[in-house]
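Those sequence lines, one after another, are chains V and G.
The numbering used here numbers the first residue of the first sequence as 1 and each following residue consecutively.
The numbering used here numbers the first residue of the second sequence as 493 and each following residue consecutively.
A hint or two may mislead.
Looking from chain V toward chain G, a few residues come up when the C-beta cut is under 7 Å (computed) [unchecked claim]: (1) P106; (2) R143; (3) P144; (4) G200; (5) G341; (6) A347; (7) T366; (8) L369; (9) Y373; (10) L379; (11) T386; (12) L414; (13) R417; (14) Q419; (15) P421.
Think of the hints as simulated: they come from the structure by calculation, not from any bench.
In this text, a Cβ means the ideal position worked out from N, Cα and C, and glycines have one as well.
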Amino acid sequence: MSGGEELTALSLREAGAGIAARALSSRDLVEAALARIAATDAKVGAFLEVGAERARAAAAQADQRAAKGERRSELDGVPLAVKDLFATKGVPTTAGSRILEGWRPPYDATVVERLEAAGAVLVGKLNMDEFAMGSSNENSAYRPCSNPWDLSRTPGGSSGGSAAAVAARQVHGTLGTDTGGSIRLPAAFCGVVGLKPTYGRVSRYGVVAFASSLDQVGPLARTVEDTALLLGRIAGHDPRDMTSSARPVDDYLARLEQGASGLRIGVPREWFQGGVDAGVEKSVRAALASYEKLGAKLVEISLPHTKYGIAAYYLIAPAEASSNLARYDGVRFGLRAEAKGLKEMYAETRERGFGAEPKRRIMLGTYALSAGYYDAYYLRAQKVRTLVRRDFDAAFEKCDVVAGPVAPTVAFPLGARTQDPLQMYLADVFTITCNLAALPGLSVPCGLEATSGMPVGLQLVGRPFDEATLLRAARALEREIGTLPAPAIGSV
Amino acid sequence: MALSLEEVRRIAGLARLRLSAEEERTFAEQLSAILDHVRQLEELDVSGVEPMTHALAAGEVPALRPDANRPGLPAEEALAQAPAREGTCFKVPRIIE
Numbered sequence: 001m002s003g004g005e006e007l008t009a010l011s012l013r014e015a016g017a018g019i020a021a022r023a024l025s026s027r028d029l030v031e032a033a034l035a036r037i038a039a040t041d042a043k044v045g046a047f048l049e050v051g052a053e054r055a056r057a058a059a060a061q062a063d064q065r066a067a068k069g070e071r072r073s074e075l076d077g078v079p080l081a082v083k084d085l086f087a088t089k090g091v092p093t094t095a096g097s098r099i100l101e102g103w104r105p106p107y108d109a110t111v112v113e114r115l116e117a118a119g120a121v122l123v124g125k126l127n128m129d130e131f132a133m134g135s136s137n138e139n140s141a142y143r144p145c146s147n148p149w150d151l152s153r154t155p156g157g158s159s160g161g162s163a164a165a166v167a168a169r170q171v172h173g174t175l176g177t178d179t180g181g182s183i184r185l186p187a188a189f190c191g192v193v194g195l196k197p198t199y200g201r202v203s204r205y206g207v208v209a210f211a212s213s214l215d216q217v218g219p220l221a222r223t224v225e226d227t228a229l230l231l232g233r234i235a236g237h238d239p240r241d242m243t244s245s246a247r248p249v250d251d252y253l254a255r256l257e258q259g260a261s262g263l264r265i266g267v268p269r270e271w272f273q274g275g276v277d278a279g280v281e282k283s284v285r286a287a288l289a290s291y292e293k294l295g296a297k298l299v300e301i302s303l304p305h306t307k308y309g310i311a312a313y314y315l316i317a318p319a320e321a322s323s324n325l326a327r328y329d330g331v332r333f334g335l336r337a338e339a340k341g342l343k344e345m346y347a348e349t350r351e352r353g354f355g356a357e358p359k360r361r362i363m364l365g366t367y368a369l370s371a372g373y374y375d376a377y378y379l380r381a382q383k384v385r386t387l388v389r390r391d392f393d394a395a396f397e398k399c400d401v402v403a404g405p406v407a408p409t410v411a412f413p414l415g416a417r418t419q420d421p422l423q424m425y426l427a428d429v430f431t432i433t434c435n436l437a438a439l440p441g442l443s444v445p446c447g448l449e450a451t452s453g454m455p456v457g458l459q460l461v462g463r464p465f466d467e468a469t470l471l472r473a474a475r476a477l478e479r480e481i482g483t484l485p486a487p488a489i490g491s492v
Numbered sequence: 493m494a495l496s497l498e499e500v501r502r503i504a505g506l507a508r509l510r511l512s513a514e515e516e517r518t519f520a521e522q523l524s525a526i527l528d529h530v531r532q533l534e535e536l537d538v539s540g541v542e543p544m545t546h547a548l549a550a551g552e553v554p555a556l557r558p559d560a561n562r563p564g565l566p567a568e569e570a571l572a573q574a575p576a577r578e579g580t581c582f583k584v585p586r587i588i589e
C-alpha cells in the first residue's frame, strides 16, 4: 500500500486527528484524495467537477491554522465533497441537469458555508440523478456512476456520487439529499453509512429544490462516528430556511458509545413481506439477532400503510416538483433556447434542458394538481401521509427505533430498470414512508449478501429529532460486526 | 387507467413542455401505469383524516422574522448570468405581437 492509499483509507475522524497531532497535513490528505480520484473516477464516475486548485488553496490555509494551533473543528483540513445539488458560490452547480449547465451560483448553500466555516476542504461536486429524481444515478445528464463494489451495478440514487465517492475512498465524507431514500439507498448499495435527518433539522437554503416538504440534507461517511461528526456541523436553525427547526442541536457524540442494551427495536412485519430478497433478509435478520445479543429488545410492530407509501409519494413529490421546476424558464439563468415568442421560448428551453425523468415527474405533478383531479389525487395523498405518520407515532409508543431493510434488493445492474419507471420507483418502498412522516432515517452496513457479494444496509428510523438514538444504535451494530473492507474497484 | 395522447398534450401545454411525438406516446403509456399504481390509495378510507400540509409540527419553527428591509442580491449579480439582458432588466422574446 502506498502512502497515498494509507491516507485515503483513514476515517474522517482519524484524518482530522492526524492533522491535529501534526502527524498529517491537509495538503497530503488533499493530494492523496485528488490522486485517488484521478486513479479511480474514470471507472466510478462519482464526480461531476473536481476543483483541485481551490482545494489546494484551502488545504494550505488549513495547514496554516493547524500550525498556529487555531484549528476550527475536527473537520478542519479534511477533504470532503458535496452532491452537485448544493449551491457553491462561483463554482458550477448543475443539479445533474443540462438546464443548469455552466450556472455559477451567486451564493453558497448554508451547509456548504457551515462545512467551510468548520475548515473542511471541499474538493468537488458529486454525480447525481437529475434534480435528485431517481434511484440509480442513471438519470444524470452528464455521466454514468458505477457502484465501486461492482462496476456493472448502480450505486443507487439519487445521491449516487455521494455514496460511491465515500465507498471508493475518494474523500472521507460527503453530503447528499434524501427526498424518498436518496441518501439511504445509495449508502446501502455502496456499503457506507448514510443519514437522512428529521425534516427541518438541516437547512435547505441553497439546495436546488425538488419536493420541498420532503427534501432533507444529510451526511454519508464510512463510520457512524464520522456521520455523527458531520451532522453536528451542518444541523441547526437557519433563518434563511423558514422550515428549519429552532430546536437546539444534540451532541451526537455524547451517547454514541452507549451500546444497544435496553433499546427497544421495533421490527415492522410489513418490511419483510413480499419482494425482499432472501439474501438481504438474511443479513438484516442477522443484524437484528446481533442487537438482541447486545441486550436490545426486539418488538414486533406494524406499519400498516407501508404499501401505500410509493403511491402517496408519487403524487406529492411530483406535484411539488412541477411547481419547483417551473422556475427553469430560460429567463434569469441557465439554458435558454431561442424562439420567436415567449411561450415558445419556455417550451423549447424546457424540452431541451430537462431529461426524461424530470419531464415525467413534471407531467405527473401537473396532472395531479390540475383542475378536477386535485381532490382525488393530491389531497388524498396528503391525507394518506397523515396515516403514514400515525403508523410511526403508534409504533414509537412500543419501541425507540424501527429497524428493517433499506431496500428489497442489493444494488441492481445498470440498465435493469431504466425502461420501467415504476419498477425503479419500487426500490424506495421501505425508505419513502420515513420522508412522508418527516422522521430521521439511517442506513448502516450490515454485511455482504452471500451470492452477489454486494453490501446490504440496515435501516433505522427514529422519533422526530432523535438522530442521537439512531447513531447510538448504528454504532452498537458497527462495533459488533465491524465496518466493511474497501471494495476492489475493478482492477484499480 | 389509460391517458390519451390528447390529454398528454394538454398536460404538457400546462407544464410548458413541448414534447416530441415519441415522448407523447411513451409518457401516455408510462404515466398510465404510474396512475394505475397510485389508484391504490382509493382503497383507503380517509374520511375525517386531516391532510398533512406541513412536514414540521407546529411550534418547531420560530416566529416569522420582522418584515423589515434587508439587503438582497445586488442587481448586477442577479443579472450576471441572464441569457439576455437590457440595462437592469432580463430580456425576453416579444410577448405581444
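Cross-check of the supplied hints:
no., hint, in the structure
1, P106, "holds, 5 Å"
2, R143, "violated, 23 Å"
3, P144, "violated, 21 Å"
4, G200, "holds, 4 Å"
5, G341, "holds, 6 Å"
6, A347, "holds, 4 Å"
7, T366, "holds, 4 Å"
8, L369, "violated, 9 Å"
9, Y373, "violated, 10 Å"
10, L379, "holds, 6 Å"
11, T386, "holds, 5 Å"
12, L414, "violated, 20 Å"
13, R417, "violated, 13 Å"
14, Q419, "violated, 9 Å"
15, P421, "holds, 5 Å"
Hints 2, 3, 8, 9, 12, 13 and 14, counting from the list given before, are not met by this structure.
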